[in-house]
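Asker: Kindly produce the complete structure, drawing on both the sequences and the hints.
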Amino acid sequence: MNFRHYIFSRDQTKLIRYNNPVIPTDDNKLIAQVAQGNERAFLAIYDRYASRVYGLTLRILGNDMLAEEATQDTFLKLWSRARQYLADQGPLLPWLLTIARRVALDRLRLENRRPTLSDSNDPENVWQTIPDLETLSDESRWRSMYFAVQTLHPDQRKVIDLAYYQGLSQSEIAEVLGWPLGTVKTRLHAALEKLREVWNET
Amino acid sequence: MLYDEHAPFRENIPAYAIGALDAEDIAALESHLKTCAACQAELAEYQSMTIGLLQSIPPKATSPELRRRLAARLPAHQPQTRNLFLSFFSQLSPRQVATTALIVILLVANLYSNLQLRDLKQQQVILAQRLLGEQVAIAMLAYPETQTLTINADVKNLTGSMLVDKGRNMAILFLWDLPKLEATQTYQAWLIDANGKRISGGLFIPSASQGYTTVTIKSPVPMKNFVGVGVTIEPQGGSERPTGPRILIVNL
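If you read the sequences in order, they're chains A and B.
Just so we're aligned: the first sequence equals residues 1 to 202 in our numbering.
Just so we're aligned: the second sequence equals residues 203 to 454 in our numbering.
In short, the hints are calculated from the structure, not lab data.
Nothing false has been slipped in among the hints.
Derived, one-sided and incomplete: chain B residues facing chain A with beta-carbon distance under 8 Å:
id	residue
1	222
2	223
3	224
4	269
No residue lacks a Cβ here, since even glycine has one placed at the ideal position from N, Cα and C.
Answerer: Now the structure itself:
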């Protein structure tokens, strides 16, 4: 489906409806145009998802300026990697957010001078590890996920935050919180198990 | 109770899925995952859930300035570094590209041919001058009054002779092993009269293609008016009177 727009006629006396042939609404078509260097398509994707990317980078970095820089870097990566996007394997947003998380964590590690960790959520590999992306576009599922995280025990929420949104390993979490490593593992495991159940039920 | 061989690995799968597993445990788990379909399936569930975690973060409005900054970083807004040549070709059809490429090839070939032709013409002029000198020399050898004089060289290895008919207005110098000059220099011949006055007999440079250099010296008056012929090194374009070192002299 194309956007419908109204423009003035040449003599400025009437409005003419036309179909914009350049900017489609479908993400896959947009990203295909971005891969060909179409800046309008690129900015259309930005307008659509910038708030999601910025929300995530701000959550990770906790600083407006750093989060904006990470958001900018994320979209520049999208611009340069658009050809690598495999449209038939799933929606664009998870891919974009995976890039954003990696960019923000790299920035966080740089700011904190922490070593880079191995992470199975590398955006280069993400498509090979996610089994069913067709269902991920359902907005109600991630809203349920949000509330599921909020209802976790505070200690469990803390380890989720440090592990997933701060990029710390279990040993590092134990060191930061002063908890025994076994306790960290138990709480992280329990928290993720609950979230998986919610995710599978919704 | 049966021992569950997956247990040590399965308990690490959630942490691995969100990137929190310690480095020392990763290799063992990844090795196990390669051969265990059950654990692969469990990992896939957790990874699917992590995408839910990513998407669970509420959106946050960005500043308009960020969009402007981002747009400014795109190639079209950068200082123009894109190859205009490639941009031009990218707008053409394959047939137009082929035609344009053919035209470019022809233009380059034409330019190359012109340069070759110019070099050939320059060589032709040099050869014609040399041939004229040789012909004059042969003609002079046939003159009954022609004398062959030996040169007195001031530089090492330089040898040669001069053919001169004192009743005529020219002489021919044959010089072997004439030293090469810098690009800013030239040899200049001088006709020396009885009072020591010198007038220019012409400019020349060493022959690059053969061992000897033939020089035709022209005089406004018969050679009998002079007592000698000298050659000096002068700046390119020559001098009104000798300024550089002398390399030879011939006594008439």
